[in-house]
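Residue numbers (this note's numbering), protein chains in the order written: chain F, 1 to 775; chain A, 776 to 994.
Partial pick of chain F residues on the chain A-facing surface, computed with a CB cut under 7 Å: (1) Pro708; (2) Met746; (3) Ser754; (4) Arg755; (5) Leu758.
Just so you know, these hints were derived from the structure itself, not from any lab. Where a beta carbon is used, it is the ideal one built from N, C-alpha and C, also for glycine.
Chain by chain, the residues run as shown.
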Amino acid sequence: MNNPRLIWMLLVLLPVFVLAQTPAAKPNLDNYKPARANGPLPQEFLISTAEKAAKDNEKIDQAQDQKMRDAQVEFYLQTNYSVDQMRFSGEVLVNDTFSIYINRVADSLLLRQDPELRKKLKFYILRSPTVNAFTTDQGAIFVTIGLLTRLKNESELAFVIAHEVIHYKRNHVLTGYVEGVKAREGIGQYDQTTFENRFLKRHRYSRAYESQADEEGFELLLNSNYDPHASMAAFDILALADAPFSDTLFKKSFFESDYFIFPSKFYVDTIKKIKPADEDEDDDLATHPSVYKRRKVIVRKFGKLSADTTGSKYLVSETMFWRIKEMARFEEIAEHTAVGEFNEAIYSNYAEQEVYPDNHYLTRELIRAMYGSVIKKNRLYDYTDLSSLFESLFSASYEDNSKPVGEQGRLKAFVNKTDATGWNAAALKYAWKAHTLFPEDNDITRWTTGLFLELAVKNEIPMTEFQKTDSALVAIGNKAFADTTIAKKIKTDSPVARFQAGIDHLDRDSLDHFKYWQFAFIDEMKDSGFVQMYRIAQAYADSIGISDSLWYEKSNKEQKKIKDARKEGYSGPQGILNIVAVNPIYVSYDATGGAEDVDVKSSLEGHDILVADMKQSASQLGMNLQILDGNNMDTGTVTRFNDLVTVNEWFDQRQDYGDNQILPYPQEDMKALAAKYGTNYFMWSAYQTYKAKRGGTVLRILSLVAVPLAPHILYRLFTPKEDVYYTVIIYDVVSGKPLFVQRTQMTNQKATDSRRKLHVFDLMRTLSTPKKAAK
Amino acid sequence: MKKTLILAALIFTAGFLKAAPGKGGYMGHRFIIGVEGAYAPFYTSVSDFFTKYNFQYGGNIGVITGRRTQLNLNYNMWSLGNNQVYNKGIESVYHKSDRIKGMEFGATLRTFKKKRGGIAPIGKFYDIGLTYTHNEYIIGKGNPGYNTLMLTDDFLNQIIFHVAAGTQMVFWDHIVANTGIRLAAPVLSLDSSRESKFLMQRTFEKDIFQVFFGVGVLL
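So that you can see chain A by itself, here it is in the shape it has in the complex (with noise of 0.2 Å):
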C-alpha cells in the first residue's frame, strides 16, 4: 500500500512537473528548484570578515503562476560572528567564537516588470515577502563561560517583511539564476529571550541590506 501511494505520488508530480506549454512559463516550464547564496555588509561592525559579510545560504522551490508572476517557497540558514562587547565591571570581553545561527522560511512573490518587458521567469523583478525567522545565540567552545549563564537560552522569533529588485535569466533552457538586493525588517516579534535585544540589533544588520545570488534548475 506503502509502495502504491508513493508511486501514484510520484506519477502526479511528474504530471504536474510536465512542461504545458498552454499555461506558460518558459515554453511550458513552469517549476524552478533552486540554491541561493546572499551576503549582508554591515560596515560599523568591529568584528572580522564574517561579522562584516553575513552570509545567508539556503534553498527555494518556485512555481510559475502567470505571465509575469512567480511564487517561491525559501528556506535560508546563516551563522553568523558576534559582535557583542560585554562589559563586567572593569573587564570587556569579546566572544569571537560565540555564533548566532539562524534560520527562516517564508514565501516571496516575485513580479517581472511590464515596463522592462519582463515574462517569468526572465526580467527584472520586483519581490515581496514575509519569512518567519528563528535565530539561536550559540556559545564557542573558547567561551571562558562566565557570561554564558544569561545567554545559553537567547534566541528570537520574528516575521520579517522584505522587498528586493533584481534580474532572472535563463540559460540552456533550464539553468535559471538571478542576482539582486534585498531590504528586510522585522513586522513581528513572536517570542524571544531576555537578552534578545542583542540579537534583534544583530540579525538587523544581516536583514536590511543582502545582495543576493541564486541558481536553479527549470522542471
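Here chain F stands alone, though its shape is the one from the complex (with noise of 0.2 Å):
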C-alpha cells in the first residue's frame, strides 16, 4: 500500500464511516440490571496497598543513584494508592460480562504469543462515559465503558487492548514517570536548559512511547489473527472521542403528543455536522501524537505488507461483542444521569430507544434523566451564595444553542430552550405514562411523585392551569387556520398541525393567554390517580408557602433562621447506636515541598489508626459500628464490596442534589441495604491533614522584637503549619435526609493522635447521646 492516493483515503474517509455500524443480530436486553461485580474478589483487591507497594520496590535497581531510587519508591506508593483508591471507588467492575469478555479478548491476543506476559496482566471496565483505555506499572489494563460503545468490532478492542499491553510491557508508566523527575530536577540530558525545554524534551519523550505502542501493539495485533485494519479504525474513535456514540436524528414529537406540542422555536432545524479531530495538529505540548500521525505511522506499517495480509474481526464471539457493545451503551446512559450530564443521558437513551423501543431500563434510565434535568432546570436561579449564582449563570450561558453540533447537539438545545414548566410537564408526562406500565417499579413511582412537586412546588403550577379538554386547543388552531398567512405554512390540515401553527405564530393574546403546556395533561387529567397525586403535591406546595420557594426571594433574617434551624437541626446529640461508617477517608497533604502532594505513606497509616480509634470510640460507648470500605473486603464474596459500590453512588447523587429529598437515584437499592445492615444511618467522613511551609519573615522579625514570646516564635519557625479539617455527614438513607452535618477546621494546629483520638471520640459520644440530652 504505497498508492499516496489510497493512504489519501483512509486517512480522510474512514472517519466517514464510523458512525454506519449495523450488529448482526440485535442483542435482547429486555431485563437489563445494571452490570455489578461477580464471583470472588480477586486477590488484588485483597491485599493492602502498602504491601502491593513494597513487593513493587523489590524491583528497583538498587545500582542507580539515591534521587532515582527514591523517586521509584515515591512511584510505586503513589501509583498503587491511585489505582486502589480506583478499585474501591465504586467505579470498577469485576468479574462482570464486561470484564470476561474482554479478559478473553486479551486471551486470543496474547496466549499464543506471550503466555507470561498474559498472566501478569488485569483487565478491569471503569465505569465512565469518557473514550479511554490505560494502563499501570502493575499490569493493571483500565478500558472505560465509553471505549466499549464505540468500538465497530473485536479486533478494534485487541488492537486498543495490544496498545496499553506494550506500554506495560515497555515500562514506559515508570520510565515516564522517572523521565517526569529528571526533567523536574534538570538530570541528565534535562541538565543546563531553560524549563521550556526540558517541558517540550519531556513530552517528545511521551509522544515516542504512544508511537511504540502504536507500532508494536499493531505487530502484536498482525501476529494474532485479529483483522490488523482495525487499528486504523481505531483511531476513528479517538478522532471522535468527543461526539456522542449515536447520531440519531433527534425529532421533538418523542416527548410530545396530540395535545402537548412544543413550539417550532425549540428546535433548530440547521445543525453543524460532526467533524473528527484528526488534522495533522502542532502536538509539541501535547503528551500524545496527533491522530493523523498515528493514523500515518500505522499506514506505513501497512506499506510493508502484502496486499491480501487480513485477520477475523471476531476469535472470541460476535453475538457476545455486540451484546457487550449494547450493554456498554445501556450503562452509558447511567453513567451521563451520575455525572450530571443529563442532556447526553437523554439523547443516549433517546438513541437507544430507536433500537429498544419500550424497555424498561431505558425507560427507568430516561425518566431518571429528565428529573434530574428537570430539578437542574428548575434551581437555575435558585443560589444560596455568590459562587452558585455564578456557576447557574455560567451553566445557562455556556452552550451556543443557536449552532448545535450532531443530532446530540439539537437535543441539548431544545432542552436548554424550552422553559422550565414547559420540560417539567413532558417529564412528568413521561414518568406517568411509565408508572402506569409499570407500577410495580417503586423508583419509577418515587420520580414521579418528584415531578409533581417540582412542578407544583418548584414551578408553582396549580392543577387548575390545565386543561382538561381540548376545546381552547382546537380553537387557537382555528383562529391560526384563519389567518390566511399563517393558513399557507401548515402543511397537513390536522388540529394538532393547526395548533402547532397557532403557537408558533400567534402571539400570547391571539392565544387567549394560554402557553403550550397547558394542554399537556389532557389525557392524563382522566386518570383519577393523576389528579389525586397533583393534588397532594399541590397540598404540599401550599403548606410550604410557594411564594417565597427562592432563596433570594427571602429576606435576610429570613435566610438566617432557616440556616440556624438547619445548623442546630444537624448537629448536637442523635441517639443513634447502630450505625455504618462507609470509607472513611483518611488524607495527608504535604505542600512542604512546594507543589500539595499526597503524603501517601501518612495517608494509609492513617486510615488504619482512624478505623481503629472508630472502632474503639463506639466500642466505649456501646455502639454498634460497621465499617464498610476496601479494607475490610470479604474474600468469597463480592456483597459487600457490590454494597459499597450503590453507597457510594447514592451518596455522590445525595450531594449533587441538596435538600431535595427525592433522588433521581434507584433509591430501593439502598432501602434494601439498610434493611441488611439493619440501620438507616450511614456515616460519610474525611479527616484531612494539611501541612506547609510558614511565612517566616514576620515570625523573625517578630522574635526580634518580642523577646518574651520566644519560645513560641522560635517553635513555629522551625516547624511546618499545620490544618487538620474533620468532615462528617450523616444520612438517613431510607428517607434520603442529612441527619447530622459537622465540618470542623483546625487551623494552624498540629494534627497529633491525641487529637484525631478525642475528635472520633467526641463524634462518636455525640451521635450516641440520646437526642433529649442536647438541652
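Assembling the complex is the task here: the two chains are given apart, and the hints tell you how they should meet.
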C-alpha cells in the first residue's frame, strides 16, 4: 500500500464511516440490570496498598543513585495508592460480563504469543462515559465503558488492548515518571536547559512512547489472528472521542402527544455536522501524538505488508461483542446521569430507544435523567451564595444553542431552549405513562412523585392551570387557520398541525393567554390517580408557602433563621447506636516541598488508625459500628464490594441534589442495604491534614521585637504549619434526609494522634447521646 | 472509724475519677492534676534577671465540665526581686536582697474555641478567672535595717481578674501540656499596709503580662 492516493483515502474517508455500524442481530436486553461485580474478589483487591508497594520496591535497581531510587519508591507508593483508590471507588467492575469478555479478548491476543506476559496482566472495566484506556505499572489495564460503546468490532478492542499491553511491557509508565522527575530536577539530558525546553523534551518522550505502543501493538495484533485493519479504525474512535456514540436524528415529537406540542422555535432546524479531530495539528505541547500522525505511522506499517494481509474481526464471539457493546451503551446512559450530564443521557437514551422501544431499563433511565434535568433547570437561579449564582449563570450561557453540533447538540439546544415548566410537564407526562406501565417499579413511582412536586412547588403551577379538554386547543388552531398567512404554513391540516401553527405564529394574546404546556395533561386529567397525585403535591406546595420558595426571594432575616435551624438540626446528639461508616477517608497533604502532594504513607497509616479509633470509641460508648470500606472486603464474595458501589453512588447523587429529598437515583437499592445492615444511618467522613511551610519573615521580625514570646516563635519557625479538617455527614438513607453534618476546621494546629482520637470520640459520643439530652 | 472513712473517701474518689465515656472528656477522662510555671517580663525595671523576669509557679486541678469547657482551681506562688529605690535624704538605698513573696488561689474557666475545632481538653482556648492574692515584703539578710521599720509589716491582699489565651495538647493519652499568655489586673483590694502602693505596683508588673507553661496528668 504505497499508493499515496490510497493512503489519503484511508486517512480522510475512514472517519466518515464511523457512525455507520450495524449489529449482526439485535441483542436481547429486555430485562437488563446494571452491571455489578461477580464471583470472588481477585487477590489484588485483598492485599493492602502498602504490601503491593513493598513488593514493587523489590524491582528497584539498587545500582541507581539515591535520588532515582527514592523517586521510584515514591512512584510505586503513589501508583498503587491511586489504583487502589480507583478499585474501591465503585467505578470498577470485576468478573462481570464486560470484564470476562475483555479478558477473553486479551487471551486471544496474548496467550499464544506471550503467555507469561498475559499472566501478569489484569483487565478492568471503568464505569466512565469518557473514551479512554490506560495501563499502570502493576499491569492493571483499564478500559472505559465509553470506549466499548464506540467499537465496531472485536479486533478494534484487541488493538486498544495491544497498545496498552505494550505500554506495560516497555515499562512506559515508570520510565515516564522517572523522566518527569529528571526533567523537574534538571538531571541528565535535562541538565543546563530552560524549563520550556525540558517540558518540550519530556513531552517528546511521551509521544515517542505512544508511537512505540502503536507500532508494536500493531505487530501484536498482526501476529494474532485479529484483523490488522482494526488498528486504523481504532483511531477513528479517538478522532470522534468527544462525539456521542450515536448521531440518530432527534425529533421533538418523542416528547409530544396529540395535545402537548412544543413551539417550533425550541427545535433547531439546521445543525453542524460532527467533525472528527484528526487534522495534522501541532502536537508539540501534547503528551500524545495527533491522531493524524498516529494513523500515518500505521499506514506506513501497512505499506510493508502484502495486499492480502487480513485476519478475523472476531476471535471470541461476534454475538458477545454486540451484546457487550449494547450493554455498554445502556451503562453509559446511566453514567451520564450519575455525573449530571443529563442532556447527554437523554440523547443517548433517545437513540437507544430507537433500537429498544419500551425497554424497562431505558424507560427508567430516561425518567431519571429527565427528573435530574428538571431539578437542575428549576433551580437555575435558585442560588444560596455567590459561587452558585455564578455557576448557574455560567452553565446557562455556556452553550451556544443557535449552532448545535450533531443530533445530540440539537437535543441539548431543545432542552436548553424549552422553558422550565414545559420541560417539567414533558418529564411528568413521560414518567406518568411509565408509572402506569410499570406500577410495581417503586423508583419510577418515587421519581414521578418528585416531578409532581417540582411542578407544583418549584414551578408553582396549580392543577387548575392545565386544560381538561382540547376545546381551547382547537379554538387556537382554528384562529391560526383563519389567518391566511399562517394557514399557508400548515402542511397537513389536522387539529395538531393547526395548533402547532397557532403556538408558533400567534402571539400570547391571540392564544387567549394560553401557554403550550397547559394542554400537556388532557389525557392524564381523566385518570383519577394522576389528579389525586397532583392534589397532594399542590397541598404540599400550599403548606410550605410557594411564594418564597426561591432562596433569593427570602429576606436576610428569614435566610438566617433557616440557616440557624439547619445548623441546629444537623448537629448535636442523635441517639444513634447502630451505624455504618462508609469509606472513612484519611488523607495527608504535604506542601512543604512546594507542590501539594498526597503523603501516601501517612494517608495509609492514618486510615488504619482512624478506623481503629472509630472502633475503639464505638466500643467504649456501646455503639454498633460497621465499617464498609475497601480494607475489609470479604474474601469469598463480592457482596460487600457491590454494597460499597451502591452506597458510594447514592452518596454522590445525594450530594449533588442539596435539600431535594427525592433523588434521581434507585432508592430501592439503598432501602435493601439499610435492611441488610440493620440501620438507616450511614456515615461518610473525611479526616484531612495539611502541612505547609510557614511564612517566616514576619515571625523572624517578631522574634526580635517580642522577646518574651521567643519560645513560641522559635517553635513556629522550625515547624511546618499544620491544618486539620474533619468532615462528617450522616444520612438516613431510607428517607434520604441528612441527619448530622459537621465540618471542623482546626487551622494552624498540629495533626496529633490525641487530637484525632479526641475528635473521633467526641463525634461518636455526640451521635450516641440520646436526643433529649441535647439541652 | 477513721480508717473506714478514709477508705470510703478513696473508693469514692476512685469511682469519681474513673473514665466515664458517656460524660465526655478525653476518651472519658475528665480530671487533670498539673503544675504550671509562668514568667512575666517587665523591661522597665532597672534590676536584675529575677526582677525583669518575674517567675511564678504552682499547681492546679482541673475538671472537664462540658464539651468545650474546663474548670481549673489554681494555686501559685512567687518570690519577686525588689526594685524599689528609697530616697532617704542624700542617700539612695536599693535593697537587692529583699524579696516580695506571695501566693494566690483562684478559679479559672477555660473555654475551647469552637471555631478552631477545640474540644476539651485539646485545642486553642480562652481563660477567664478570679484569684485571691497575698503579697508580703520580706527583708533580705544584707539589709542594714534602718529602712525596714517601715517595711516589715508590708503586705497586700487583692482580688485579681485574669484572661488568657493559649493552646492545650495531650500526649500519650495521659499527659496534658499547655502554653499561652495571660493578662491580669487587680479588681479589688481587700486590705493592705501603709506602704502597699509599692507592692501594688510591683505585683502589677508581674501580673499584667505573663507567658505560662503547664503540664499535667489526665486521670
